[in-house]
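Between the sequences and the hints, there should be enough to build the whole structure, so can you do that?
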Amino acid sequence: MLPHLSPAHASALRERFRETGYTPDGVRALLGGAAHDALTRGEPEPAARATRDGGELGTLVRMLLLESTEPETAVTAALGDVDPLVSGGLLHRTPDGLRAALDIRPYGESGGDAGSAGDGDPGADWWVVSDLDTPAARQDRDHVTGVGGASLSLAAATVRRRTGSVLDLGTGCGVQALHASRHARRVVGTDLAPRAIALAGMSCLLSDVEVDLREGPWFSPVAGERFDQIVSNPPFVPGPARVDYVYRDSGQAGDTALAALLADLPGLLNPGGIAQMLGSWLHVRGHDWPDRVRSWIPPGCDAWVLQRETVDPAMHVGTWQRDAGLVPSSPEARAQAATWLDWMESENVEGVGFGFLLLRRHASPGIEPTVVVEDLPGELTDGLGPEMAGWLDRTTWLRDNSRDDDLLGARLRLAPEALLERASVANDPDVDGWRALQTTVRRWGTPSWEHDVDDVAASLLAGCRGDLPLSELVALLSYAHDRPADTLIGAMLPAVRELVRHGLLLPVDGWDLDPATARPET
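Start counting the sequence shown at 0; every next residue gets the next number (numbering that gives the first Met the number 0).
Calculated from the structure, these hints are not laboratory results. Note that beta-carbon positions come from the ideal geometry of N, C-alpha and C, so glycine has one too. Accuracy of the hints is not assured; some may be wrong.
Said to hold, decoys possible - Quick list of the computed label-pair ranges, beta carbon to beta carbon:
#1 Asp-141 x Trp-443: 40 to 46 angstroms
#2 Trp-443 x Gly-408: 25 to 31 angstroms
#3 Asp-207 x Gly-271: 27 to 33 angstroms
#4 Asp-431 x Asp-381: 38 to 44 angstroms
#5 Gly-54 x Ala-422: 56 to 62 angstroms
#6 Arg-181 x Glu-214: 23 to 29 angstroms
#7 Met-0 x Val-310: 37 to 43 angstroms
#8 Ser-86 x Ile-366: 55 to 61 angstroms
#9 Asp-311 x Thr-72: 52 to 58 angstroms
#10 Met-0 x Ala-222: 28 to 34 angstroms
Take a look at the structure:
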C-alpha cells in the first residue's frame with residue numbers, strides 16, 4: 000500500500016510542526032551552526048547531542064531526521080494522535096516506540112532543508128517527504144530520493160519569473176513543484192512511479208501547496224497541453240539500456256533519452272516558453288561533444304547548454320554505485336561495474352559530462368536561433384537562476400540589435416563585477432622588468448566568464464560607462480591608437496557581442512528590467 004494522509008490529518012500535522020518549531024529556522028536554531036553543518040555532511044552524532052534538551056522539537060528531529068526510535072508518549076506529546084501517521088505509512092510502531100517510515104524534513108524559507116546544503120525559496124516553509132536515505136532503502140527500484148545536490152542545483156538554476164503554468168516533469172518528491180508554486184499560477188507534476196506521485200502529493204499536502212499531480216511516462220499525462228515553463232530532473236544517467244532505479248535510469252542506452260526529450264520539448268511549450276533541466280551526455284571518441292549535444296537542439300529554439308563537469312567512465316560508474324548505496328568492492332557491485340564499463344568501452348566512451356540545459360521556444364517563426372554549448376567556468380558557488388534569466392534577456396537584445404549599425408549605436412556599460420587581470424613574467428633576457436603575457440577581463444563570482452583582450456579592447460571596456468554610443472568610443476580609440484576605425488569595428492564587434500552575451504557588457508537603453516518579468520522594457 001502506498002503512503003497516504005488525509006487533508007485533515009495533513010493540516011493537523013503541519014500545525015503541530017509549526018507549533019513545535021519543526022521548520023527550517025527552528026531546526027537550525029536548535030542544532031546550532033556546527034551541528035547543523037555536520038548533519039549536512041551526513042554526520043548525525045553532533046545533531047543528536049544538540050537535541051538532548053530540545054523538548055518536543057528534539058524528539059521530532061531525532062525521529063524524523065536522525066532515524067531514532069522515540070518513546071510513543073514523547074511523540075504523541077509532540078504530534079498528538081499518531082495512529083493516522085502509523086496507518087498512513089509515515090511512522091512505524093515498534094516494541095520500543097515509534098520511528099520514521101519516511102523522510103519528512105522541513106525545507107524552504109531559511110535557505111535550505113534541515114539536512115542538506117543549499118538555499119531554499121525565501122518566504123516559504125515546506126515539508127518534503129521522501130524515502131529514507133539508508134543503504135537498504137536505496138536498493139529499492141522505486142526508491143524516491145529526497146532533496147539532494149542535483150535537485151538543489153536545478154532549483155537554484157531555475158528562472159523565477161511570474162508565469163502562468165509550470166510543468167515539473169519527473170517530479171519525484173515534488174521539490175521543484177514546490178518552488179514553482181511561488182511564481183506560477185498553475186503547477187502540474189508528472190512521474191512514472193506511483194510511489195513518487197504519492198510522496199510528492201504528501202509533500203504538497205503537508206506544505207499547503209496546490210499541485211496537479213499525474214502519473215504516467217514522460218509527456219503522456221499532459222498530452223495535448225502546453226506550458227509556459229518546464230523544469231525537469233529526468234533519469235539522465237548514461238549506461239546500458241536497463242532500469243535498476245527508476246529515479247536515475249531511463250531504460251534507453253547512453254544519452255538517447257535526453258536527446259529524445261529535447262526533441263519533444265517544443266511541442267509542450269507555449270510560444271516564448273522555456274524549459275530547464277539537468278542532463279548528462281557522453282564524450283565519444285572521435286566526436287566533438289558540443290557538436291553532439293548541439294545536434295539535439297530542435298529547430299525554432301534558443302538553447303544554452305552549460306557543462307559543469309566531466310568525469311572518466313570509472314568515476315562515473317563508481318559515483319552512481321555509491322549513490323545507490325552499493326559498496327563498490329562487493330561482488331554485486333563489481334559485476335554491475337564490469338557490465339557498465341564493458342558497454343562504455345564498446346561505445347567508445349571517453350568521458351561523461353554533466354550540466355544544465357536551457358531551451359526557449361521562439362515566439363514566432365523565422366527567428367534565427369541562438370544555440371550556445373560551453374563549459375561552465377570556475378566553481379559553482381552561487382545559483383544560476385539570475386544568470387539563466389540574464390542570458391535569455393541578453394540573447395534577445397543581441398538578436399534585436401543584430402546589425403552592426405544597431406550595435407554601434409548602443410550605449411553599453413561595463414558590469415560592476417568585471418575585473419581586468421594582467422599576467423606578466425619577469426627575468427626575460429630581452430625585456431627590462433616585466434614582460435606582459437596576457438590581459439583578461441573576467442566577471443567576479445559565478446560564473447566567472449573571462450575573455451582575453453588586447454590594450455585597445457581594454458581601453459574600449461574602460462570607456463563603456465553608458466554615456467557614449469559604441470561608435471563614438473571606437474572613433475576616439477581610432478584617433479588615440481592611430482588605427483582605421485573600420486579595422487577596429489571589424490575586430491571588436493564580434494568580441495563585444497560575446498561580452499554582452501556573458502554579461503560583462505550591459506546595454507543601457509531599454510534595459511531597465513522589471514524583476515518580476517525580467518524582460519527589457521520598451
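### Query
Quick check: which numbered hints come out false for this structure?
none
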